[in-house]
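Number of protein chains: 2
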Amino acid sequence: MAVYTEITDDELQAFVSSYDIGKVSSCKGIAEGVENSNYLLQTTSNTYILTLYEKRVLPADLPFFLGLMDHLAARGIACPTPIHDRDGVTLRELAGRPAAIISFLSGLWIRRPRPDNCVRLGEAMAALHKAGQDFGMRRPNNLSLDGWRELLAATGPRADQVQIGLRCELEEEVADLETIWPKSLPSGVIHADLFPDNVFFLDDRLSGLIDFYFACNDFFAYDIAICLNAWCFEPDGSFNVTKARMLLAGYIKARPLSADELGALPILARGAAVRFLLTRLYDLLNHVEGALVRPKDPLEYLQRLRFHRGVRSPAEYGLDELV
Amino acid sequence: MAVYTEITDDELQAFVSSYDIGKVSSCKGIAEGVENSNYLLQTTSNTYILTLYEKRVLPADLPFFLGLMDHLAARGIACPTPIHDRDGVTLRELAGRPAAIISFLSGLWIRRPRPDNCVRLGEAMAALHKAGQDFGMRRPNNLSLDGWRELLAATGPRADQVQIGLRCELEEEVADLETIWPKSLPSGVIHADLFPDNVFFLDDRLSGLIDFYFACNDFFAYDIAICLNAWCFEPDGSFNVTKARMLLAGYIKARPLSADELGALPILARGAAVRFLLTRLYDLLNHVEGALVRPKDPLEYLQRLRFHRGVRSPAEYGLDELV
Chain A
1 MAVYTEITDD
11 ELQAFVSSYD
21 IGKVSSCKGI
31 AEGVENSNYL
41 LQTTSNTYIL
51 TLYEKRVLPA
61 DLPFFLGLMD
71 HLAARGIACP
81 TPIHDRDGVT
91 LRELAGRPAA
101 IISFLSGLWI
111 RRPRPDNCVR
121 LGEAMAALHK
131 AGQDFGMRRP
141 NNLSLDGWRE
151 LLAATGPRAD
161 QVQIGLRCEL
171 EEEVADLETI
181 WPKSLPSGVI
191 HADLFPDNVF
201 FLDDRLSGLI
211 DFYFACNDFF
221 AYDIAICLNA
231 WCFEPDGSFN
241 VTKARMLLAG
251 YIKARPLSAD
261 ELGALPILAR
271 GAAVRFLLTR
281 LYDLLNHVEG
291 ALVRPKDPLE
301 YLQRLRFHRG
311 VRSPAEYGLD
321 ELV
Chain B
1 MAVYTEITDD
11 ELQAFVSSYD
21 IGKVSSCKGI
31 AEGVENSNYL
41 LQTTSNTYIL
51 TLYEKRVLPA
61 DLPFFLGLMD
71 HLAARGIACP
81 TPIHDRDGVT
91 LRELAGRPAA
101 IISFLSGLWI
111 RRPRPDNCVR
121 LGEAMAALHK
131 AGQDFGMRRP
141 NNLSLDGWRE
151 LLAATGPRAD
161 QVQIGLRCEL
171 EEEVADLETI
181 WPKSLPSGVI
191 HADLFPDNVF
201 FLDDRLSGLI
211 DFYFACNDFF
221 AYDIAICLNA
231 WCFEPDGSFN
241 VTKARMLLAG
251 YIKARPLSAD
261 ELGALPILAR
271 GAAVRFLLTR
281 LYDLLNHVEG
291 ALVRPKDPLE
301 YLQRLRFHRG
311 VRSPAEYGLD
321 ELV
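Chains A and B supply the protein sequences, listed in that same order. Per the working numbering, the very first residue in the first sequence carries number 1; after that it's consecutive. Per the working numbering, the very first residue in the second sequence carries number 1; after that it's consecutive.
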């Protein structure tokens, strides 16, 4: 659930009048995106998303995010496109906050992804990775190795309040990953948060990828690892190897994976599990009573982490039939 | 801020397929209406509001609310119209709750109403009162006299936590109103909650009235009294007589007020102030920490109540120049 900055009708109309998008006919705060205030803006010409960037997004990162969406959309990726005002500017200010108007994408997110959704996801992710290769800006992944160490320092002392032994298990895991984490793999711009609620479908067709506010430069295969965690586990915690195989099959049609990338998947998947386990743990431990955002369960990701630790070969992700 | 019931994409598509409104292209929870879950639903044919009725609305009242909107819209009132499914039904069930699809109204609500907005409000309210006269169902106003006594019993013992002396002042006021409340005035269907956020404008034109979930049968002039409180006081608590005059001028163009109605306005305005003071007090005293709805300040309405108690003649509402 998002936060909302109150915008007066006068402010809004003045803001929109700088764009060639018609006049405001409606604007409603929507319950989407936990980091920002998002509004569904209807004008006499079209439907848009109006985003006000709240404090969890660093203003210095906004040109990267908006520039990336612009770049990807120009290369045919179905993603939100920042609208340029009459001076060509995409990042402006409204109600005292950085703000942008973004194109609206149709589609619903799939609450219970099926294997065919995973094929479409794999295809779209590979297309995204390829389209980002000539993007001119860079943003390091601050939620990779270095970030985990920092999150561990902030959460470790209270981690055992959530589950006895969690601190010790996480410390060993991060130490392990620091030793075995790949030094070099094919890299570029990754989405880094391709959870089901960020992927829209219309019927069986993938209609768009949204929420690029964690995008960064990192190993392409790490993006796959994030999706293995987010799309291929069932509510009971079991790993659905068919979905994983479909996801990878979709991906390698557009961008073949090297032997190094395939071999690194179990380690990358452990890292991806640690990343979401730590941020969820941080959010839970620092949850303000009465805040609008309900914290997600970190322990889901402990279960996934343990699963990947038990994986001996990438074949266990369903790869044996693919490569 | 609204609550949200989670709807799966499958449930939603099955639900929408019973209507002749095309296929779902998008559905987003919106931050509107504190009583229900509201979604902005886009289909291949149009934009709609999907409402799931949560526990604060009595299911037995829903046929009245939906029937009234249907009735008023058919008589040219710019208000949401319930969409009928292929069997002609408007009230159905989704995700275990009563649910309806309603037409979408363009417009923005005015954060700082101007006098000309008040003219439009008066006109629209009078038109609503006239259009409701041949509506066949009835719903008593459970937030009038009897309701206040009940709310007072529930809030009185803790009212002084909010302001010392509040309990005593409210008890005297309700006792007074029980004695002097009009026995008979022109009556019919009233909206009973025409606050600025329930009235949409496009430029200077009133484009719609929404949120009929407090509508009931009561004195027409009581609806005016509610609006005098909701539209004609400035943020500093002062009464803006120009706005009141404009509101009444707009109203009487379409529906003249009798001498009895005019004379009763100060008493009705006291009653309207007591109604919102008591419900806000109740919500504040029963606020659950962490709930999504932020309680509104009851004391705003104490100030208004005291103002109306000092009014000696309806001329003080700017009526002297009108009648």
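If you are wondering where the hints come from, they were derived from the structure by calculation, not from laboratory data. We put the beta carbon where it would ideally sit given N, CA and C, even for glycine. Fair warning: there could be bad hints in the mix.
Derived list of chain A stretches under chain B, where covered just means 3 residues or more per stretch with a C-beta under 8 Å from a C-beta of chain B [what the hints assert, rightly or not]:
1. 14 to 26
2. 39 to 48
3. 107 to 120
Which residues of chain A face chain B? A few of them, derived with a C-beta cut under 7 Å, are [stated by the list, open to error]:
4. Gly-29
5. Ile-30
6. Ala-31
7. Glu-32
8. Glu-35
9. Thr-179
Cross-check of the supplied hints:
1. 14 to 26: With 4 residues closer than 8 Å to chain B, the region 14 to 26 of chain A meets the three-residue bar; holds.
2. 39 to 48: That given contact holds, which follows from 3 residues of the region 39 to 48 of chain A lying within Cβ reach (below 8 Å) of chain B.
3. 107 to 120: As far as the region 107 to 120 of chain A goes, the hint holds, because 6 residues have Cβ atoms under 8 Å from chain B.
4. Gly-29: 4 Å, holds
5. Ile-30: OK, holds: Ile-30 (chain A) within 7 Å of chain B, min 4 Å.
6. Ala-31: With a minimum Cβ separation of about 4 Å from chain B (threshold 7 Å), the hint on Ala-31 (chain A) holds.
7. Glu-32: 6 Å, holds
8. Glu-35: For Glu-35 (chain A), the interface hint is violated, since the closest Cβ of chain B sits about 16 Å away, which is over 7 Å.
9. Thr-179: Not OK, violated: Thr-179 (chain A) not within 7 Å of chain B, min 41 Å.
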